[in-house]
Structure formats: structure tokens, C-alpha cells
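Visitor: Listed below are the residues making up each chain.
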Amino acid sequence: MDTKTKYKEPVNVLVVGVGGQGVIMVSKVLATICQERGYQVKQSEVHGMAKRGGGVFSHVRYGEQVFSPTIPKGSTDVLLALEWAEALRWVNHLKPGEGTFISDTQHIVPPFACRNRKRGAEAGYSRETPDQILSRIKDGFALDATGMARELGNERAANTILLGILSTALEFPEDTWRDVISRFVPPKTVDINLQAFDQGREWARTVHENSDLAARHRRSEKLAPAVPGPDRDEMSDFVQLDINPDWCKSCDICVKMCPERCLKLDDRLKAVLTEPDRCTGCRICEWLCPDFAITVHRTPEAAQAAVRV
Amino acid sequence: MTKTAIKKNAGKASSKNAFDVMSYLRHDLFPHFLCPGCGHGIALRALMWAIHELEIDKDRIAIVSGIGCSGRLGAYIDANTFHTTHGRPLAFAAGLKLARPDLEVIVITGDGDCLAIGGNHLIHACRRNLDITCMMLNNEVYGMTGGQVSPTTSEDRYTTTTPLGNTEAAFDACRLAEAAGAGFVGREVTVQTPTLKNLLKDAIAYNGFSFIEVISDCTEIYGRKNDLGNSPEMILSQKSQMRPNSYGGVIVDEPFRPNALPTGVLSTNARPEYGETYRNAMASAKRKK
Amino acid sequence: MTKATHQQNLQGNHACALAAVAAGCRFYAGYPITPSSEVAERMSLELPRVGGTFVQMEDEIASMGAVLGASMGGIKAMTATSGPGFSLKQENIGYGVMAEVPCVIVNVMRGGPSTGMPTRPAQGDVMQARWGMHGGYQIIVLAPASVSEVYGQTVRAFNLAERLRTPVVVLIDEVIGHLVETVRIPDPGGLDIQQRNWAAVAAGEYQPYAAGDDMVPAMARPGDGYRAHTTGLTHDESGFPTQDPETVERVSRRLLGKFEHHRAQIDQFEELQTRDAEILIVAYGISARAARRAVREARSKGIKAGLFRPITIWPFPQQALTKAAKKAKRILVPEMNAGQIVLEVERVAGRGRVKGINRIDGQAVTPSDILEAIGTGD
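Chains as they are written, first to last, in my numbering: chain A, 1 to 309; chain B, 1 to 289; chain C, 1 to 378.
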């Protein structure tokens, strides 16, 4: 491909992800490379909201002359997504029929997607699978970059794997990529990041040679470790509330303090569970019952054993 | 807290056995005698929870309580329980701990029991620093006798003996205990049950005198009289007043939180435990002779 | 009861401390008060030698509380005090009676009421020792009359306390507390020491206040697996509070009745020439020593005088007194108060022939005071 001809129009790379993932860093690496190769670059971004898992995106445009700092809808050459739902949010910004799609398949579920706090409850998160998306895109890559980076020994190197793939879609010399990445990452992690870059680049090459669609979706071999949280081991989908009406003194604490509002006082003013499906087994009613009238059972065995006649 | 001041298996996770409060209570006596919504029951659970997580043998636990609503709690605990005279549980506990250092002595007392009639015992227990844990349930009122003003009743509150509003100032029990030299001083509200449990755990594990003030609620004869709402409202307003010490004291009190209540571990010191000190001194004196 | 091993010049208060240690006391909690402080001072030295614990508490009430606490922990415990402190201790002594906690309270009597005369003797706490607490109860009060008897009666106080599971008061007056006499210290191995009756049944069967034929329930030691409840509230056999009239009647009767049941062991008195006594002197403590001299002098003048000296003054030895007073035309009761035990003597012997000899001037009753009352005609 004649790069000069191609770059008469600016090349548009859209980097997206969730706050804190490194969208800005990735786009800075790219912008620096473009600059060093003698192009005019414009980078504009929206960031913030990181603590709340908000979306972050960055427009990188380069070419001989670039006027607008933002990419018009439908003219993105490469969409680089660090998170799956964000990839889906921006996928229709790709140039129809020719854009390149690169995405990490990891899910970062925002708190507001938790429609029900019961463990195991389905979150309001996209259900489209990488395979479904890839089948609709000419040049797509979906991979568990985070998992791959973890296998390498540093989860933070996931973005560099993605850069490795990006390097096969843009026509910059490999040395420039390696040089700029080495300067941007923390000194102690240079080796591991270059390794990650090679891995991404190598995999993208094999995918290019292989026309099989399935090869474009790479899964990590190791499962992600469980997120540490309170009582994780003890948690179970099976929750049973055992309320002893003989001990309940109708103080109303459990009713008012239940975060799911799933208890109420019955005609006799005794606490009853009215919305068992909403009960998450959080134990707040048990802890705050001054009369020891409520016991929460969170394992099937204990719950069955506690069923009262 | 200094590392050396910690004894036994403090902080040891006991996820092996899930906590079942019923295995620490005397079932036959339930339902207990407390009024609806009384925070004392929540505090009792937190105490049992702390004991469970510290894996202390029930046979080794001695609960000493005084007179009042708080004093009655001991009877519900499946341990060696002593329901003593008004204001004197700390005195009884001192004798018990000195005579039987192998026992884990825990005192349950109330604001009237501990600060009024038993005030002298409190300050001297702090000074003496025997390995006793004192859990003072502060509900700002003499509940058992019908709702009279107590040393911790807030100003302007109505009680049966302050029908025109309380004109006396209230004690800050934690600052009193700290000034008197208590080794470990903390405060927590009942609504923060797991936090309260952790605080009690640290207090019991502390080798010396530890004083924990639990902010409890008396709905029936204090909350209603003062239009403080029912139990849920009372415990939530307590929660809104708390200022956890882990914030580093950076919250500005005035003018937004005039009634801010510092909670968490409020002070510690690393003085030697008195019983050990006494026995060691006596043993070395005997050797010299 | 004993085999003397050595003799020693001892103050009454020191003899009390040594006897306590010999009786197995391993805990002392006290508060300084004249004229009993020497008991605490001696205990602070003696207890560490035998692995015991001495503690000076913040006040009189706390001392009594700590003694009860230690005893509930299974250790023999004691405190000593004087009038004002004895008043302060009353509530907690009542707890000891109700919860049946063995302990010994030594009261070295001084002048009263209130602060009174801290360094002067009196026998003014006799009625307080019997009736000082609220509620109806029985209590054992011992009144030794010499330093050597202080030793013996202190040991006996511990034995009775342990046998009956009850507080026992040793009433000493300031004269005897500070008197130095030659005491025969018995060989500790030769002392008859009562140990507490510890619960031995299976934990599930144990009833903390269920007594057998001897009406004294076995006590649970914390840590032995019984996990009992102890309260000053009226409780049933299980140890938990009750207000059921039938149960309350039953447990209250036992609490009072156990003293009558063990009366033979509790009662102790001394009689001197009472068989034919027409003039009977009833005296205890230091006053009895004056009475002894008065009896001897009266007898030397041909007057048939005799002495009845209760050593256990509460419960009052009424049967023995009735017997001793059979031939008595007059009964004289010398006391260092305005008339306390005389009321009890009147109750037993009838008002007509009983007369008190009372000194309330901070001085001991003298033999001549008694002789004057006998009317030897001099």
C-alpha cells in the first residue's frame, strides 16, 4: 500500500476503555510515534469518572495535514478498545466495511449495571459475544489481553499487547514502536512490555495469515482469580432467612435497614420476608436484630436444616 | 497499637467455623427482657461474635455485670456469668481477675452503672490496668428504673427526673477513661455491627484494661420522650453523628456536625498489665529474701 | 484442736492476718482505715509469700466487691475494716449472703456513729453486724476476746464461711485489735481446715443452688465447665432470677434454714461458774475480760457470780444462755455501747432481771464498773 497516497486523508484511530485502564497512555504512545514519523497529529480525549467506571475515549488523527481534532462518525480506521462493552459502544464509529477492530474481551461491569445485588444475578451488561461481533467485521481481533498479560506476569502490560496488534494495522517501523514504548512504560517493566508487544504483534500476524474466523478470537488459558471481598467463600446463591416470630418484638429495624427493602411487618407486627428473590443474604437484618430473631443461612445445607415447622 | 500489647490469637481469622450466635447464648431464657429496638441486643451479638472470632473457650470466659438493663445481659450468655451489685462490676472483676488470671474477664456495664455509682471504680480500673475488657453500653438514660437522667444524657433532653429539660453537662466517657490511663479506649455505634465486633475483638485481645463505649439506643422511654424517632431512626442518627477515627480526624465538625462522635480506637498506651507486674514483683522480692 | 509449735508476741490485728493465711486465705482486698489497717499491712507482706494476692482497692465498697469476685473465682478471700467502712460494705455483704459467696469480713470496732473516735474502742457495731443490710437474712458473727482467740476465731470464720457458703464477720474491738499478747501459733499442719464443696456432677446435671441434706449447695468453679450464673436477684435452684411465690419461699427458707441446720457447728460460747450463778454476767470481746475478773472477785466475797461469754454472738446462743441463766436472779450485760446485745439477752431471759452496764465514753468497761453493778457492798 502506498502510504503517501493513503495518508492524504488523515488516519483515524479511536482508543476507548474504562477510566483507569490507560486509554490516554496508549493514545500518547501512538501520537508520539506519529509525530516522530513526521506527521501532523491531533489527539483529543474525554476522561475522568475513572472511579465510577465511566467510559474514556481518545481520538488520534494523523496525516500530512489534520484540521479537525475529532473523528467523524463512521470514519474510524482503527478502533482500539481496552474493554469489551466500550468496544461495542464505539463499534459503529468504524469505517463501514473496512475499519480494523481490536478489543480486549475483559468485562469491567459498572456498578449501575448491577440491577440486583443477589450474588449470581445477571448484570445489565452486553450479551454479544466476540464471535458474533467478529463475524460482522472484515478485520477484527478479539483477545483476552488482560489474561495474556497476567500470564506474562504483569496485568498492566495488556495495553502493550494491544499496541502490538495495532502495530500490524499501521505502517510504522517496528523499531519506532519498541523505542517509544520503552520510553513510556516504567523503567522496571520495559522488558515485560516489549515481550507483550512482541506477543501481540506475533499473534496478529498469524491471524492475518489465517482466514479462519475462529482464530481471530483468542482466549486466555488461565482463569481470572476471584475478586477478594467479604465472606466470598461463605457466599452462596442459596439464601434462607429464618425469622423467629416468638422472639421478634416488632421494632422495625430490619424493615427499615434492609438495603433491598424485602422485609415488612405483618398483621401481627412480626417481621416477614416478603421479597425473597430480592434478598441478597447480606445479613444486615441479622446483625441489627436486637432480639436475635433473624438468622440468615447462606449455604443450602444450613438453610435446609433451619427450615422451621 | 503497639505489637507487644497484643496477646493471644488477636486478628486470627476463624472462617473455619461460621459464627452462630445461638451457640453462645442461653436459649431457655429467650425472648430476652429488653424492650423492642433496644440496642443492647445488638451489642450483645457483637460481643459474642468477637469472642467467637478470638476462639476463646466459653468455660474460660467470665462475664461480670452490674445493675440496670446492661447488667441483665450477662444472664443470656452461656459462660461463667456474675450479675453483681449496682456500680460495682469493675470491683468484682478486679478481684476475680487477680484471683484467677487464667479467666478472660469481660465487664458489661451501663452509663449509670459505670459513670455515676461506679465512677470511682472506672477511673481506678483504668489506672490499675488489669487485663479486663469493659463494655459500657451508653443509652443516655437509666432505663430499668423508668428513664431518669444519667451522667451521659445530652443537654436539654427530657427524662422523668428532668421534666423541664436536662441542665447538667454530659460525661465523655472515653476521654475520661483515656485520662485515667486506660490501655485501650474505643467507641462504636451499634449499627456498625461488624466494626463494633472488630473493636471488641481488639479490646479483648489487648493485654490490659480496655474500655469500649457502645452507643446504644433506648427507644421506649428516652427516644420517644425526646422525639428522636423509633429505633431505626435513632440508630441512623447515631450513625450520622459518628466520626470514625480512621478518617484521621480531618472532618470539620463545625458548623455542620456539632454532635460529631469520634468512633473507632480512640487511644492506646503500652503500660504493663497490673496482674503480671504484681506477680513478677512479688516473685522477685521472694527470691531476694 | 491444735498442737502448739511456737509462741509469739503478736498484736491482735497481726494475729488475724496470720490466721487467715493459715486458714488458706489467698486473697485480700482492703482500704486503709483505723484501727484495722494493720491487718491489711500484714496481709500485703504475708500473701505474696504463699503465692496469694493483696490489693488495696479504691474504696471500701470496691474492697468488698473484689473479695466477692475473688471468692467466686474459687479463692478464699478476706477484707478488714472498721465502722464507717463496714457501713459502706453492707450492700456487697448482702450480695455475698444472697449469692452464697464464702468470705470473711473483719471489723475492728471503733467509736461511732459516723467518723466517731477512730482510735478509741467500742462495741457499737454488734447490731449493725446482725441487721446492717436490707432484707431478712442470717449471718454468722464471731467475737474473740483475746489475741490468741483472734487467731483461732479467724481460722474458724474461714471454716464456717466455706462450710456454709456465707460471709462471716469477725468483730474485734479496737482494744484487742491493738493489744499485744503472747500467742501460741499452732502448727499449720495441725489445723482443721474446711475446703469448699466443689461441684462434681456432670455439667448438664448441675444446679448451682440445689442443695442436698446439708442445705448448702456445691459451688461451681469458673473454668470447670459448669458455666453457671450468679446473681444477687432472688433466684431459683438454677441460679436464674425468679418471682414465683412458691419458689421464692422455698429458696428463702433454705437460705435462712442452713444456719439452723449447722447450729451445732456455729454455736460457741464460754461459761465460767454458771452452774450455781445467781448473778450472771453476759459479756463478749474485751468486756468479757473485765467480767472474768469481776466474777473472780465477787466469788471471793461469797457472791455467786458467773460469766456467760458468747463467742459466736450471731446467731445468738439462746439455748445455752437459757440454761446458764436458770438460777440467775440478776443478769448483767456490760457493753461498750448504749445497750445492744442486752436486748437479745432480755429477749431470751426476760426483761425483769436483765440490766446493762454501758460505757459510751471511748473507754473499756472495767472490773470495778461490773463489781459496782453487782453491788459487793464495798
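Among the clues, some could well be false.
As the list claims (entries may be wrong) - Straight-line Cα separation of at most 30 Å, BS3-like style, residue types lysine-lysine; simulated pairs: (1) Lys-329/C to Lys-355/C; (2) Lys-355/C to Lys-327/C; (3) Lys-326/C to Lys-304/C; (4) Lys-95/A to Lys-73/A; (5) Lys-239/B to Lys-256/A; (6) Lys-95/A to Lys-8/A; (7) Lys-286/B to Lys-270/A; (8) Lys-323/C to Lys-304/C; (9) Lys-73/A to Lys-8/A; (10) Lys-264/A to Lys-239/B; (11) Lys-138/A to Lys-8/A; (12) Lys-286/B to Lys-256/A; (13) Lys-95/A to Lys-42/A; (14) Lys-329/C to Lys-304/C; (15) Lys-225/B to Lys-270/A; (16) Lys-95/A to Lys-28/A; (17) Lys-225/B to Lys-264/A; (18) Lys-42/A to Lys-8/A.
I should point out that these hints are in silico values taken from the structure, not numbers from a laboratory.
These numbers come from a predicted model, not from an experiment.
Visitor: Hints first: check each against the structure and report whether it holds.
Guide: Verification of the hints:
1. Lys-329/C to Lys-355/C: Status holds; Cα separation ~11 Å.
2. Lys-355/C to Lys-327/C: At roughly 16 Å apart (the allowed maximum being 30 Å), Lys-327/C and Lys-355/C satisfy the hint.
3. Lys-326/C to Lys-304/C: Holds, because 13 Å separates the two Cα atoms, which is no more than 30 Å.
4. Lys-95/A to Lys-73/A: holds (8 Å)
5. Lys-239/B to Lys-256/A: Holds: Lys-239/B and Lys-256/A sit about 14 Å apart, inside 30 Å.
6. Lys-95/A to Lys-8/A: holds (17 Å)
7. Lys-286/B to Lys-270/A: violated (64 Å)
8. Lys-323/C to Lys-304/C: holds (16 Å)
9. Lys-73/A to Lys-8/A: With a Cα-Cα distance of about 19 Å, the restraint between Lys-73/A and Lys-8/A holds, given a limit of 30 Å.
10. Lys-264/A to Lys-239/B: Given pair Lys-264/A, Lys-239/B holds - Cα atoms ~22 Å apart, limit 30 Å.
11. Lys-138/A to Lys-8/A: With a Cα-Cα distance of about 23 Å, the restraint between Lys-138/A and Lys-8/A holds, given a limit of 30 Å.
12. Lys-286/B to Lys-256/A: Answer violated: Lys-286/B to Lys-256/A is near 63 Å, above 30 Å.
13. Lys-95/A to Lys-42/A: Roughly 19 Å separates the two Cα atoms, so the pair holds.
14. Lys-329/C to Lys-304/C: holds (10 Å)
15. Lys-225/B to Lys-270/A: holds (24 Å)
16. Lys-95/A to Lys-28/A: holds (23 Å)
17. Lys-225/B to Lys-264/A: holds (26 Å)
18. Lys-42/A to Lys-8/A: holds (15 Å)
Of the numbered hints given earlier, the model fails hints 7 and 12; all others are met.
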